[in-house]
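Trainee: Next come the chains, spelled out residue by residue.
There are 2 protein chains.
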Amino acid sequence: MSSVTTPPEAPSGSLEVASTRTRLLDAAAHLFYDQGVHIGVEALCRRAGVSKRSMYQLFESKDDLLAASLERSVPGYLALLLPTDDPQLSPRQLVLHVFERLEVVIADPSFRGCPYVSASMELKSPEHPARVVARRFHDSLTAFFSAALSETETPDRELVAKQLTLVHDGATARAVVQGALGPGLAVATASALLDHAGIG
Amino acid sequence: MSSVTTPPEAPSGSLEVASTRTRLLDAAAHLFYDQGVHIGVEALCRRAGVSKRSMYQLFESKDDLLAASLERSVPGYLALLLPTDDPQLSPRQLVLHVFERLEVVIADPSFRGCPYVSASMELKSPEHPARVVARRFHDSLTAFFSAALSETETPDRELVAKQLTLVHDGATARAVVQGALGPGLAVATASALLDHAGIG
Numbered sequence: 000m001s002s003v004t005t006p007p008e009a010p011s012g013s014l015e016v017a018s019t020r021t022r023l024l025d026a027a028a029h030l031f032y033d034q035g036v037h038i039g040v041e042a043l044c045r046r047a048g049v050s051k052r053s054m055y056q057l058f059e060s061k062d063d064l065l066a067a068s069l070e071r072s073v074p075g076y077l078a079l080l081l082p083t084d085d086p087q088l089s090p091r092q093l094v095l096h097v098f099e100r101l102e103v104v105i106a107d108p109s110f111r112g113c114p115y116v117s118a119s120m121e122l123k124s125p126e127h128p129a130r131v132v133a134r135r136f137h138d139s140l141t142a143f144f145s146a147a148l149s150e151t152e153t154p155d156r157e158l159v160a161k162q163l164t165l166v167h168d169g170a171t172a173r174a175v176v177q178g179a180l181g182p183g184l185a186v187a188t189a190s191a192l193l194d195h196a197g198i199g
Numbered sequence: 000m001s002s003v004t005t006p007p008e009a010p011s012g013s014l015e016v017a018s019t020r021t022r023l024l025d026a027a028a029h030l031f032y033d034q035g036v037h038i039g040v041e042a043l044c045r046r047a048g049v050s051k052r053s054m055y056q057l058f059e060s061k062d063d064l065l066a067a068s069l070e071r072s073v074p075g076y077l078a079l080l081l082p083t084d085d086p087q088l089s090p091r092q093l094v095l096h097v098f099e100r101l102e103v104v105i106a107d108p109s110f111r112g113c114p115y116v117s118a119s120m121e122l123k124s125p126e127h128p129a130r131v132v133a134r135r136f137h138d139s140l141t142a143f144f145s146a147a148l149s150e151t152e153t154p155d156r157e158l159v160a161k162q163l164t165l166v167h168d169g170a171t172a173r174a175v176v177q178g179a180l181g182p183g184l185a186v187a188t189a190s191a192l193l194d195h196a197g198i199g
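Here the protein sequences line up with chains A and B, keeping their order. Just so you know, we're using numbering that gives the first Met the number 0 here: the first sequence kicks off at 0 and counts up by one. Just so you know, we're using numbering that gives the first Met the number 0 here: the second sequence kicks off at 0 and counts up by one.
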C-alpha cells in the first residue's frame, strides 16, 4: 500500500464491525488510489474479504465508501506534509517544509498523484461526496499556508496561500504527467512566490 | 461538446472510412472528457453510430482510440492558449497571453480539467499510449514558454518554463477541485514568477 494512502492508525480489531469497516476502508484506499475510482464493488469486497451484503450494511453505496476512505486518509496525508508545531520555524520555513516533504512524497515509486486532486478529476460530478472531501482537504492546506503567513506583513496572504496550494496541485499533476517532478521544482517555485511576496 | 475537445477542423466526410473514423474520434473526445476514460466500447460505438466491428477495423483497441482522440485535440487546445505569431508582443506578453486565455477556457461551464492532465491521472499505467500523448502536449507547452523567453536574460529559462507549465497544471487542477479557479489567480501566479525571474 502506498505511503500516501496508508491509514494513520492500525485497525483496532476489537469489534467485528469495526474490523469489517476497517478492512473495507483499507481495500478502498488501496484500490481506488492504485487502479482508479471505477474499480468495481466485487473487487473491493474480494480484497477486503467481506461480503457485498456486509459492505452495504456499513456503506450506502460504493460512492460513500470512496468518500469515507478519502476522508480517513486526510489526517495522514496532511501529517506527511505539514511541519510539527515548532515555534522556532519562521513563516518561510513552515511553508517550505511542505514543499520539501511533498518532493519526498512524490519521489516514492508508489506515488500516483495527490489522492484528492486525482479523485476530483476522475469523478466527473462536482456533487460526488468524495469531491466534497477533496475540497475540504484543499481548504485545509490553504488554511495552513494562510496561518503560517499570519505573522508576515504580506499585503495579500490569502492570495499567496492560494498560489501555494496551486503549486501543490501543479507539482502533483506534473509528476503524474511526466512520471517525475524534477528535483527541487516544487521548492523552487514556492520559494519564488515567497520571495515575490517579500517573505524572506 | 466542450470547447476544449472540439476538433480543430470539421470532418471531411468525403470518404466513408474517414467519416467513420471522424465520428469515432468525435464520440471518444466527448465521452472520455465528459465521463472519463472508463467509458465502454459499446457507449462509444453507440454515440458514433458505428459498429464495434468497424471500430476494431480502424483502431486496435479502445486505448488506441483514446490516444488518437487526445492526439487530434492537441493542436486545437494549444491554439486556444497560445498567442498568434505577433512580433510586437514582448516575452512577458507572450507568456501572460497563455494564462489570460487559460482563465477564459477554465471559466467555460463545460471545463472538466486539462484533458491531458486528467487522462494522465485517470490512466494508471505510465505506458498507456494516451499518456505518451499527454507528455508530448506537456513538453510542447514547456517548449513554447522556453522559446517565448529566449530573448530575455533570464539565467535559467528552462526552470521558469517548467514553473509556468506547473502553474498551468495547478490552475486546471484547482479549478476541478474547487469548481472554480478564482479570478485572476493563474495570471497573478505566472506574473509573480516572471517578476521573480526579472522578466518585466
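Hints may be right or wrong, so weigh each one.
Below, simulated BS3-like cross-link-like pairs (lysine-lysine); rule was C-alpha separation at most 27 angstroms, straight line [unchecked claim]:
hint, chain 1, residue 1, chain 2, residue 2
1, B, Lys123, B, Lys61
2, B, Lys61, A, Lys61
3, A, Lys123, A, Lys61
4, B, Lys51, B, Lys61
5, B, Lys123, B, Lys51
6, A, Lys51, B, Lys51
7, A, Lys61, A, Lys51
8, A, Lys123, A, Lys51
9, B, Lys61, A, Lys51
10, B, Lys123, A, Lys51
11, A, Lys123, B, Lys51
12, B, Lys51, A, Lys61
No wet-lab data here; the hints were simulated from the structure.
Trainee: Please go over all the hints and tell whether each is borne out by the structure.
Mentor: Going through the hints against the structure:
1. About 15 angstroms separates the Cα atoms of lysine 123 of chain B and lysine 61 of chain B, which keeps this hinted pair within 27 angstroms; it holds.
2. Of the pairs offered as hints, the one joining lysine 61 of chain B and lysine 61 of chain A holds, with about 26 angstroms between alpha carbons and a cut-off of 27 angstroms not exceeded.
3. This hinted pair checks out: lysine 123 of chain A and lysine 61 of chain A have alpha carbons roughly 15 angstroms apart, not beyond 27 angstroms.
4. The hinted pair formed by lysine 51 of chain B and lysine 61 of chain B meets the criterion: a straight-line CA distance of about 10 angstroms does not exceed 27 angstroms.
5. As the CA atoms of lysine 123 of chain B and lysine 51 of chain B are separated by approximately 25 angstroms, the hinted pair is consistent with the 27 angstroms bound.
6. Restraint check for lysine 51 of chain A and lysine 51 of chain B: not satisfied, since their Cα atoms lie roughly 33 angstroms apart, outside the 27 angstroms limit.
7. Of the supplied pair hints, the one linking lysine 61 of chain A and lysine 51 of chain A holds, its CA atoms being roughly 10 angstroms apart against a limit of 27 angstroms.
8. Among the hinted pairs, lysine 123 of chain A with lysine 51 of chain A is consistent with the structure: their alpha-carbon atoms are about 25 angstroms apart, no more than 27 angstroms.
9. At roughly 30 angstroms between alpha-carbon atoms, lysine 61 of chain B and lysine 51 of chain A are farther apart than 27 angstroms, so this suggested pair is violated.
10. Only pairs whose Cα atoms come within 27 angstroms are accepted, and lysine 123 of chain B paired with lysine 51 of chain A is accepted, the gap being roughly 26 angstroms.
11. With a C-alpha separation of about 26 angstroms, the suggested pairing of lysine 123 of chain A with lysine 51 of chain B holds against the 27 angstroms cut-off.
12. A C-alpha spacing of about 30 angstroms is found between lysine 51 of chain B and lysine 61 of chain A, which places the hinted pair above 27 angstroms, so the restraint is violated.
Comparing the model with each earlier hint shows violations of hints 6, 9 and 12; every other hint is respected.
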